[in-house]
Amino acid sequence: MIRLSIQDIYRYFLYVIFFLNLSFFNIFINLTYTIQKLSIYMTFLLLIIYSLQKRKSKVTLYTSITVLLFCLLVTFNLFRQGVPVNGFLLFSEKLFLLRNFSFILLVFPITEILNSKYSSKFLKVVFLLGMFAILFRCFIWFSYNYAGLNIAPGIIAERGINWTRYGAVRLQPLFLDGYVLAYLLCKLFVTESKKKLLYSVYLFIVLFYEGIIYASRSQLIGFFVMFITIYLFKKTSLLNKLISFFFLTIASVGILISPYYNRFLDSFSVSNSEYGAGTLVRIVGRKYYHEMWTQKMYLGFGQTTDGNIFNGWKYYISDLGIIRMLYQFGIIGFIVCLLPILYGCLVGFKRRVYFHGMLLFSLSIFVLITSFASQNLYDYNRIMLLPLLLGLANSTSPSKVNKEMV
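Just so we're aligned, residue 367 is where the sequence shown starts under our numbering, counting upward by one.
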């Protein structure tokens with residue numbers, strides 16, 4: 367008879383939740399919102415199991431306060447009236463827009479796993495799930511754009527056939543993209559893994575996905591900063607660090623004087639044929655949302671739908687990245703939303719000489735950079751990363767380091 371430990375139950379449930387939210391079931395139709403609804407039910411089921419568990423791993427005070435503040439933030443914005451943006455929202459509409467914040471409650475079962483003997487195995491399986499999802503979407507992208515085969519219409523329809531760049535239909539990112547990049551870089555530069563060739567191939571595929579299939583400048587910027595972070599802060603002698611810094615400086619100068627750098631800078635210009643329209647929309651949209659925010663700077667104008675019409679044009683608040691949290695939830699809410707990311711940066715930096723610490727540090731840096739560059743951690747398709755980030759920070763904290771991590 368097979369006997370499952372409480373950590374086994376948490377692991378298998380979380381694998382299912384992560385698998386569901388990697389869009390594998392969007393083959394025929396887009397089931398994203400249905401799957402997220404199911405994931406919320408599973409989240410509360412895990413929370414009930416956790417609350418009934420007799421012996422629990424202690425979470426840090428910082429983590430407990432962060433979760434409490436998020437609960438208060440969501441509750442307050444659920445019942446407040448706020449400033450109307452194209453009209454007031456119904457309670458049911460607010461509940462729909464705020465429901466994914468409940469995923470932060472997964473930090474408790476994740477912490478249980480990361481404080482157990484299954485820690486490294488869990489992180490590896492999560493990486494494999496993310497990597498497999500990227501490979502799966504690469505196959506779908508090539509089939510649609512270059513073979514004329516629409517084998518997954520639901521995935522193509524996530525943003526529609528008109529969402530194109532470089533003459534091809536783009537695909538959305540996944541919530542584990544940054545985690546997969548951080549995991550690969552740490553395996554290549556922090557550990558003595560014998561599979562570095564395989565990890566290098568995986569890294570090339572992921573960068574191809576981010577740069578060509580998703581075609582995101584912010585993801586590439588985040589990767590570059592994450593790469594420098596790992597390369598400079600990995601455990602090595604002072605001489606090697608100086609040599610690394612020297613070569614990075616030479617490489618940076620080479621990039622700055624290359625024509626590719628000028629093309630990249632031009633992509634942020636409103637006159638650029640490929641990116642200009644998107645840049646202009648973000649600039650104008652931020653102006654409108656900023657003016658509304660000034661009415662209630664500390665509490666924000668409240669929850670609103672993504673696309674809102676100003677002077678006949680539709681501007682998406684999701685285009686503003688994590689700044690949308692400042693506008694919607696005010697200065698107070700914005701600070702709350704930054705807490706998990708900054709906590710990850712701080713704890714990861716302190717524990718950077720270990721694999722889990724560097725993984726946390728590099729991932730937190732990536733999330734911080736990309737969130738300010740329009741890839742907001744709290745968007746509906748990325749927020750599932752939040753409990754993983756906070757759980758990793760909680761278990762890696764110097765006050766709670768598990769000996770197996772060291």
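If you're looking for bench data, these hints aren't it; they were derived computationally from the structure. Treat the hints loosely; a few may be bogus.
[Unchecked claim] Keeping only pairs whose Cα atoms sit at most 25 angstroms apart, straight-line, the calculated SDA-like set for lysine to any residue is:
{"id": "1", "residue 1": "K483", "residue 2": "K561"}
{"id": "2", "residue 1": "K490", "residue 2": "V567"}
{"id": "3", "residue 1": "K487", "residue 2": "L438"}
{"id": "4", "residue 1": "K653", "residue 2": "F454"}
{"id": "5", "residue 1": "K420", "residue 2": "K403"}
{"id": "6", "residue 1": "K460", "residue 2": "T398"}
{"id": "7", "residue 1": "K600", "residue 2": "F488"}
{"id": "8", "residue 1": "K460", "residue 2": "K483"}
{"id": "9", "residue 1": "K403", "residue 2": "L455"}
{"id": "10", "residue 1": "K680", "residue 2": "N747"}
{"id": "11", "residue 1": "K403", "residue 2": "Y565"}
{"id": "12", "residue 1": "K680", "residue 2": "K561"}
{"id": "13", "residue 1": "K460", "residue 2": "K662"}
{"id": "14", "residue 1": "K490", "residue 2": "F379"}
{"id": "15", "residue 1": "K600", "residue 2": "Y565"}
{"id": "16", "residue 1": "K653", "residue 2": "Y565"}
{"id": "17", "residue 1": "K403", "residue 2": "S417"}
{"id": "18", "residue 1": "K653", "residue 2": "I675"}
{"id": "19", "residue 1": "K424", "residue 2": "D374"}
{"id": "20", "residue 1": "K490", "residue 2": "Q402"}
{"id": "21", "residue 1": "K561", "residue 2": "I571"}
{"id": "22", "residue 1": "K420", "residue 2": "K460"}
{"id": "23", "residue 1": "K403", "residue 2": "L438"}
{"id": "24", "residue 1": "K460", "residue 2": "Y682"}
{"id": "25", "residue 1": "K422", "residue 2": "L411"}
{"id": "26", "residue 1": "K487", "residue 2": "N396"}
{"id": "27", "residue 1": "K561", "residue 2": "K653"}
{"id": "28", "residue 1": "K487", "residue 2": "R369"}
{"id": "29", "residue 1": "K662", "residue 2": "Y532"}
{"id": "30", "residue 1": "K460", "residue 2": "K600"}
{"id": "31", "residue 1": "K490", "residue 2": "T557"}
{"id": "32", "residue 1": "K680", "residue 2": "F502"}
{"id": "33", "residue 1": "K600", "residue 2": "S486"}
[Stated by the list, open to error] Pair by pair, the computed Cβ-Cβ distance ranges are:
{"id": "34", "residue 1": "F385", "residue 2": "I675", "range": "34 to 40 angstroms"}
{"id": "35", "residue 1": "K420", "residue 2": "I675", "range": "33 to 39 angstroms"}
{"id": "36", "residue 1": "Y532", "residue 2": "M663", "range": "36 to 42 angstroms"}
{"id": "37", "residue 1": "F394", "residue 2": "Y512", "range": "17 to 23 angstroms"}
{"id": "38", "residue 1": "R446", "residue 2": "D374", "range": "26 to 32 angstroms"}
{"id": "39", "residue 1": "L435", "residue 2": "V719", "range": "26 to 32 angstroms"}
{"id": "40", "residue 1": "Y532", "residue 2": "K680", "range": "22 to 28 angstroms"}
What you are looking at is a predicted structure, and each value in this text was computed from that prediction instead of being measured. Glycine included, every Cβ here is placed at the ideal spot set by N, Cα and C.
Here is what the structure says about each hint:
For a cut-off of 25 angstroms, the pair hint linking K483 to K561 stands: about 23 angstroms separates their Cα positions. The hinted pair formed by K490 and V567 meets the criterion: a straight-line CA distance of about 17 angstroms does not exceed 25 angstroms. With a CA separation close to 34 angstroms, the supplied pair K487 and L438 exceeds the 25 angstroms bound. Distance hint between K653 and F454 is fulfilled; the C-alpha atoms sit about 21 angstroms from each other, no more than 25 angstroms.
Between K420 and K403 the alpha-carbon distance is near 28 angstroms, which puts this suggested pair outside the 25 angstroms criterion. Restraint check for K460 and T398: satisfied, since their Cα atoms lie roughly 18 angstroms apart, inside the 25 angstroms limit. Of the supplied pair hints, the one linking K600 and F488 holds, its CA atoms being roughly 23 angstroms apart against a limit of 25 angstroms. Straight-line distance between C-alpha atoms of K460 and K483 comes to about 40 angstroms, which puts the hinted pair past the 25 angstroms bound.
Annotation: proposed proximity of K403 to L455 holds, straight-line Cα distance about 20 angstroms (limit 25 angstroms). Only pairs whose Cα atoms come within 25 angstroms are accepted, and K680 paired with N747 is accepted, the gap being roughly 21 angstroms. A hinted pair counts as satisfied when its Cα atoms are at most 25 angstroms apart, and K403 with Y565 does not qualify at roughly 34 angstroms. Taking the CA atoms of K680 and K561, the gap is about 48 angstroms. The hint is violated against a cut of 25 angstroms.
Between the alpha carbons of K460 and K662 the distance comes to roughly 19 angstroms, so the proposed pair stays at or under 25 angstroms and holds. The hinted pair formed by K490 and F379 meets the criterion: a straight-line CA distance of about 16 angstroms does not exceed 25 angstroms. Distance restraint check for K600 and Y565: the Cα-Cα separation of roughly 18 angstroms lies within the 25 angstroms cut-off, and the hinted pair is therefore satisfied. Only pairs whose Cα atoms come within 25 angstroms are accepted, and K653 paired with Y565 is rejected, the gap being roughly 43 angstroms.
Under the criterion of a C-alpha separation no larger than 25 angstroms, the hint pairing K403 with S417 is consistent with the structure, at around 21 angstroms. For the given pair, K653 sits about 13 angstroms from I675 by alpha-carbon distance, which is consistent with the 25 angstroms threshold. With a C-alpha separation of about 18 angstroms, the suggested pairing of K424 with D374 holds against the 25 angstroms cut-off. At roughly 23 angstroms between alpha-carbon atoms, K490 and Q402 fall within 25 angstroms of each other, so this suggested pair holds.
Distance check on the hinted pair: K561 and I571 sit about 16 angstroms apart at the alpha-carbon level, within 25 angstroms; holds. Note on K420 and K460: the hinted pairing is violated, with a Cα-Cα distance of about 35 angstroms set against a maximum of 25 angstroms. Note on K403 and L438: the hinted pairing holds, with a Cα-Cα distance of about 21 angstroms set against a maximum of 25 angstroms. Our distance criterion of 25 angstroms between C-alpha atoms is met by K460 and Y682, whose separation comes to about 17 angstroms.
Proposed proximity of K422 and L411 is supported: the alpha carbons are some 16 angstroms apart, at most 25 angstroms. At most 25 angstroms may separate the alpha-carbon atoms for a hinted pair to count; K487 and N396 exceed this at roughly 31 angstroms. Straight-line distance between C-alpha atoms of K561 and K653 comes to about 49 angstroms, which puts the hinted pair past the 25 angstroms bound. For the proposed pair K487 and R369, the alpha carbon gap of about 19 angstroms is at most 25 angstroms, so the pair holds.
Using a Cα cut-off of 25 angstroms, the hinted pair K662 and Y532 is violated, with the two alpha carbons roughly 41 angstroms apart. Taking the CA atoms of K460 and K600, the gap is near 44 angstroms; set against the 25 angstroms cutoff, the hint is violated. Distance restraint check for K490 and T557: the Cα-Cα separation of roughly 14 angstroms lies within the 25 angstroms cut-off, and the hinted pair is therefore satisfied. For the given pair, K680 sits about 33 angstroms from F502 by alpha-carbon distance, which is inconsistent with the 25 angstroms threshold.
The suggested pairing of K600 with S486 holds, with an alpha-carbon distance near 19 angstroms, which does not exceed 25 angstroms. At roughly 37 angstroms, the beta-carbon separation of F385 and I675 lies within the given 34 to 40 angstroms, and the hint holds. Distance hint check: the CB atoms of K420 and I675 are about 54 angstroms apart, inconsistent with the given range 33 to 39 angstroms. Evaluation of the 36 to 42 angstroms hint for Y532 and M663 yields a pass: the beta carbon distance comes to about 40 angstroms.
For the pair F394 and Y512, the supplied restraint of 17 to 23 angstroms holds, since their beta-carbon distance comes to about 22 angstroms. Against the hinted window of 26 to 32 angstroms, the Cβ-Cβ separation of R446 and D374 comes to about 41 angstroms, which falls outside the hint. Checking the proposed 26 to 32 angstroms range against L435 and V719 shows it holds: the Cβ atoms sit about 31 angstroms from each other. At about 24 angstroms, the CB distance of Y532 to K680 agrees with the hint of 22 to 28 angstroms.
Figure legend: structure checked against the earlier numbered hints; hints not met, in rising order: 3, 5, 8, 11, 12, 16, 22, 26, 27, 29, 30, 32, 35 and 38.
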